[in-house]
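Peer 1: Let's have the full structure, built from the sequences with the hints guiding it.
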Amino acid sequence: MLFNHFFVSLPPKNHIINIMTVLIIIIVLAVIVIGYFISTQRTLVGLDELCKNALSQIEVQLNSRFDAVIALAKTAAQYAKHESETIIQAVQARGGNSGATANTPATINEQANLLGEMMGKLNVVFERYPELKASDLYNEAQQGMKQYEENVRMSRMIYNDTATKMNRMVRQWPSSIVASMLHFDQKEYLKVDEEQKKSYPNLDEAFKK
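Just so we're aligned, residue 0 is where the sequence shown starts under numbering that gives the first Met the number 0, counting upward by one.
None of these hints come from the bench; they were simulated from the model.
Careful: at least some of the hints might be erroneous.
[What the hints assert, rightly or not] Derived Cβ-Cβ restraints for the label pairs, each shown as a range:
1. 176 - 126: 53 to 63 angstroms
2. 41 - 73: 43 to 53 angstroms
3. 73 - 35: 54 to 64 angstroms
4. 85 - 180: 47 to 57 angstroms
5. 18 - 179: 31 to 41 angstroms
6. 85 - 129: 19 to 29 angstroms
[As the list claims (entries may be wrong)] Only pairs whose alpha carbons sit at most 30 angstroms apart, straight line, appear in this in silico DSSO-like list of lysine-lysine:
7. 132 - 73
8. 145 - 164
9. 73 - 145
A virtual CB, placed ideally from N, CA and C, is assigned to each residue, including glycine.
Peer 2: Here you go:
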């Protein structure tokens, strides 16, 4: 009697199979969700690091050019002391000739504007005193300008392309859920308004004879 009662109390075989099926489905879904979360997190981190690296590359180039501006201004001081001192003070006011940081798109645009403005003022001085153009420092600055522009252009392109990919993930579902959980925000694009572009001379043109 007890033996028969034991078998009677067991759940039906089909019911057990259904429970196992549900458990397997839950486990598979959990693995998929966790896998997607990890994959998305790694992608977001990678894109974020690429953006930071591109900004750092531009910052290095900006600091290098500001150092060159100070060197050129010191060279021009013997002919135009007031203009030279004004340029050096403006550059150093940004945080030092090599210690300033430009780690956001807005700050980089501001630094580029200042650089263009100082380049324009230097160009006026060098045009006024042709003998300055014969200096080795001037010629080196002229040769380095094109390389600087190309490096910055490439870094800007890399940053904006990467920012576009990251912003798409931050906004689109379901990656937006992961981004929100991990506190990833949309990236600001690295750009200069057309009106700002008109306010300072082209950096490549600034040192053309």
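Peer 1: So, for every hint listed, does it hold in this structure?
Peer 2: Consistency of the hints with the structure:
1. Evaluation of the 53 to 63 angstroms hint for residue 176 and residue 126 yields a pass: the beta carbon distance comes to about 58 angstroms.
2. One distance hint, 43 to 53 angstroms for the beta-carbon pair residue 41 and residue 73, holds here, with the actual separation near 48 angstroms.
3. Checked against the hint of 54 to 64 angstroms, the pair residue 73 and residue 35 passes, with Cβ atoms roughly 57 angstroms apart.
4. At about 51 angstroms, the CB distance of residue 85 to residue 180 agrees with the hint of 47 to 57 angstroms.
5. Range check, residue 18 to residue 179: Cβ separation about 34 angstroms, and the 31 to 41 angstroms hint holds.
6. About 21 angstroms separates the C-beta atoms of residue 85 and residue 129, a value consistent with the hinted range of 19 to 29 angstroms.
7. Between residue 132 and residue 73 the CA atoms are separated by roughly 14 angstroms; this keeps the pair inside 30 angstroms, and the hint holds.
8. With a CA separation close to 29 angstroms, the supplied pair residue 145 and residue 164 stays within the 30 angstroms bound.
9. Among the hinted pairs, residue 73 with residue 145 is consistent with the structure: their alpha-carbon atoms are about 22 angstroms apart, no more than 30 angstroms.
Of the numbered hints listed earlier, not one is contradicted by the structure.
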